[in-house]
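**Q** Residue strings, one per chain:
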Amino acid sequence: MASVAAGDPPPGRELIGGDRDNAVPSLKRRLRRVERARQLRHAALILPLLLFLGFTFLVPIGTMLWHSVDDPDVARVLPRSVAALKGWNGQALPDEAAFAALAADLDQAARDQTTPAAAKRLNYDVNGFRSLLMNTARHLEAAPAAAGEAKATLLDIDPRWGDLESWGAIHRAAGPLTGFYLLAALDLHRTADGHIVGTPAEQAVYVEVLLRTLAIGFIVTALCLLLGFPTAYVLAALPARQSNLLMIFVLLPFWTSLLVRICAWIVLLQGNGLVNGLLQWLGLVEQPLRLIFNRTGVYIAMTHVLLPFMILPLYSSMKAISPATMRAAASLGAPPWRVFAQIYLPQTLPGIGAGSLLVFILCIGYYITPALVGGGGDQMISYFIAFFTNETVNWGMAAALGTVLLTVTTLLALAYARLVGERQTSGGIK
Amino acid sequence: MLIPCRQIGLAALLAAGLLYGGTASARDLTVVSWGGTYQDAQKKVYFEPFTAATKIPLTDESWDGGIGVLRAKVEAGNAPWDVVQVESEELALGCEEGLFQKLDYTRIGGKAAYLPAAVSPCGVGAIVYDFVLGYDRDKLHEAPKGWADFFDTKRFPGKRALRQGPKTTLEIALIADGVAPAEVYKVLGTEAGIARAFRKLDTIKNDLVWWKAGAQPPQLLASGEVAMTSVYNGRIDAANRNDHKNFGVVWNGALYTIDSWVILKGSPNTDQAYKFLAFAGAAENQAKLPQYIAYGVPNRRANALIAPEYLAGLPTNPVNLRTATEISDSFWLENLDRLTERFNKWAAK
Chain A
1 MASVAAGDPP
11 PGRELIGGDR
21 DNAVPSLKRR
31 LRRVERARQL
41 RHAALILPLL
51 LFLGFTFLVP
61 IGTMLWHSVD
71 DPDVARVLPR
81 SVAALKGWNG
91 QALPDEAAFA
101 ALAADLDQAA
111 RDQTTPAAAK
121 RLNYDVNGFR
131 SLLMNTARHL
141 EAAPAAAGEA
151 KATLLDIDPR
161 WGDLESWGAI
171 HRAAGPLTGF
181 YLLAALDLHR
191 TADGHIVGTP
201 AEQAVYVEVL
211 LRTLAIGFIV
221 TALCLLLGFP
231 TAYVLAALPA
241 RQSNLLMIFV
251 LLPFWTSLLV
261 RICAWIVLLQ
271 GNGLVNGLLQ
281 WLGLVEQPLR
291 LIFNRTGVYI
301 AMTHVLLPFM
311 ILPLYSSMKA
321 ISPATMRAAA
331 SLGAPPWRVF
341 AQIYLPQTLP
351 GIGAGSLLVF
361 ILCIGYYITP
371 ALVGGGGDQM
381 ISYFIAFFTN
391 ETVNWGMAAA
401 LGTVLLTVTT
411 LLALAYARLV
421 GERQTSGGIK
Chain B
1 MLIPCRQIGL
11 AALLAAGLLY
21 GGTASARDLT
31 VVSWGGTYQD
41 AQKKVYFEPF
51 TAATKIPLTD
61 ESWDGGIGVL
71 RAKVEAGNAP
81 WDVVQVESEE
91 LALGCEEGLF
101 QKLDYTRIGG
111 KAAYLPAAVS
121 PCGVGAIVYD
131 FVLGYDRDKL
141 HEAPKGWADF
151 FDTKRFPGKR
161 ALRQGPKTTL
171 EIALIADGVA
181 PAEVYKVLGT
191 EAGIARAFRK
201 LDTIKNDLVW
211 WKAGAQPPQL
221 LASGEVAMTS
231 VYNGRIDAAN
241 RNDHKNFGVV
251 WNGALYTIDS
261 WVILKGSPNT
271 DQAYKFLAFA
281 GAAENQAKLP
291 QYIAYGVPNR
301 RANALIAPEY
311 LAGLPTNPVN
321 LRTATEISDS
331 FWLENLDRLT
341 ERFNKWAAK
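Read top to bottom, the protein sequences are chains A and B.
Everything in the first sequence is counted per the working numbering, starting at 1 for the first residue and increasing by one.
Everything in the second sequence is counted per the working numbering, starting at 1 for the first residue and increasing by one.
Treat the hints as calculated values from the structure; they're not laboratory data.
Just so you know, these numbers come straight off a predicted model, no measurement behind them.
We put the CB at the ideal spot given by N, CA and C, even for glycine.
A short list of chain B residues far from chain A (calculated; beta carbon distances all over 10 Å):
| # | residue |
| --- | --- |
| 1 | 27 |
| 2 | 36 |
| 3 | 43 |
| 4 | 53 |
| 5 | 87 |
| 6 | 146 |
| 7 | 151 |
| 8 | 179 |
| 9 | 183 |
| 10 | 193 |
| 11 | 202 |
| 12 | 248 |
| 13 | 257 |
| 14 | 301 |
| 15 | 307 |
| 16 | 318 |
Which chain B residues stay away from chain A? Per the calculated CB distances, all over 12 Å, these:
| # | residue |
| --- | --- |
| 17 | 38 |
| 18 | 59 |
| 19 | 107 |
| 20 | 117 |
| 21 | 140 |
| 22 | 141 |
| 23 | 142 |
| 24 | 145 |
| 25 | 156 |
| 26 | 279 |
| 27 | 288 |
| 28 | 303 |
Listed below are several chain A residues computed to face chain B (Cβ distance under 7 Å; list not exhaustive):
| # | residue |
| --- | --- |
| 29 | 113 |
| 30 | 116 |
| 31 | 123 |
| 32 | 127 |
| 33 | 130 |
| 34 | 131 |
| 35 | 202 |
| 36 | 203 |
| 37 | 205 |
| 38 | 270 |
| 39 | 272 |
| 40 | 371 |
Just chain A, with the same shape it has in the complex (with noise of 0.2 Å):
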């Protein structure tokens, strides 16, 4: 900062400086008026997008960022509590004070009928706390903790108050920030002692699935591009009319809604369904090939549904690929093959590449075909943030693992940029 303001004419010299630069010293001025009068226009233009964008884009991403580390609950319905084990090491139980102050923040929570909050919050994190606390909290109205005896009664009501992980629970929920959902999200919690560990291997699950979700994206890409190019490469090649006919066909997809493609996939390739009855007909089985409700499903349906995006990038890019280029390669020697993978294949990339990323982004997220033509070990990620979102409203959990995915997606779309940034042959994002 302070080295540009040195760099600007002092007030007052303005005038003089123009003076100098230029031999007509209002066009200068003038001309910087009508360039600032453009791009107040061309900011003015694209203003209703920019507000679209931040209101659709932006605060969605921002608010779910914040929901996966925002922990405001158990401060609001246990202060006393929090307030009395701030400094505690997680090394033997806490004190009678913090016993005390769990005592009347449930008798003040139960008043204010804000218990389930707290209870909900802490059942995430140690499983049972969801009756430990309401059980508490209803055995304290019915019989008060007399003053001094509160461990005691506390003890007495459930020996789970003895547990460390129990008073670990509401020391980490302390809030207002945590990290305990992005911790969960990659199969890691924090102890009592403040040791971050992982979680049982029985209940490890979303490392698994993050990977999961990645080799199906990974897999639906490579399948895309396998069936897509020789597509794109007749669509290209074909006259105008045949390949416009032709065209049709790939666009149709896209005109009819996905769940009447999934269930008309389901139908397809169902036990006693067309193809395994063909096959049994020509005799290639005997037994029915299970085709749905297990990966070899979620293969077939997702590369059917995303087709179309890789597909159309080829034909652009195939299509502005000079003849000529290729006459010219033949006509000084080379062999067929030599033309196409040093001539053709290296103009098509900026399509590989624009359809791969288009293809495997939108298929990470996917979340109904999975759900539907898949079986149970094949859901991908989305799904559990529909399972948090809508079956058991655990937001913070949900938010959490969106952000895994927005972050994996962030760095690969990166890598990729700098990877065709570095060829050249960018497919549209740098």
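Given chain A, work out where chain B should sit, using these hints.
**A** Just chain B, lined up with the frame of chain A:
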């Protein structure tokens, strides 16, 4: 259950709420239920006859569930709804949070008039519906007797379908493994019990198909994709009535749940609301519902007034109720997150 529908429903509700907000002060008794064919039946059985009998005007609306919707309405004050039909989980949560009025049972016929499971401090049961074992009578050579047969793929070859997720799946596995229905949640509350349920599921893992929406099980049965499935009893009834299927139901080991009527806190029409609950709780009125839709009704004297051909297919038929277990909301409120993680870990193994 498909998300877009739910969101559209919510958005519509919000919009309706905004439009309604301005005129909420002196309004008619507003009763909210779940829409569709069910609410159509309720209109014929409860809403219209109630107004005809009492001259109290009644507006009915529909909603899509969600405790957050009720919370928002009550906390905003001047709630635009009076009587709402809620699922059991919303009943438990809303009662804890004080969103509903504590019911005075003397005004609605006394607690003894209803099935014990349908009586709760904040809500009175409206309907009872079941998760049952469904199968196609035309395709199985022998009728299955219970969930144990569901896991017997030797005697009953073919694939099976269950609802995706741990809820109801783990209960079914334990009942099939010989746990008494009354003991299911006690066993499931222990680590050994959870492991036992998953071990039982392991035995038919390769034959399992998972359904997600309530409309899927009858389709899976009709296409022959599966030989047996867990299914809402009403869906089987509808497939037999409307699509002329020959599906069978095994009531043994059924899992039931109850939707309840609640009166929202701050309702300006509490008196009329009680009159409506008394009307909708009366045996002679409840007895008319099953001819439109196969839901059980919780008034104990209603069964005697229901025609036998309808009673046979009802969850509240005493014969069907005897071996049924209520799905425990307190258990699932506490354990659904964790067990869903474990379920998915297991499913991917």
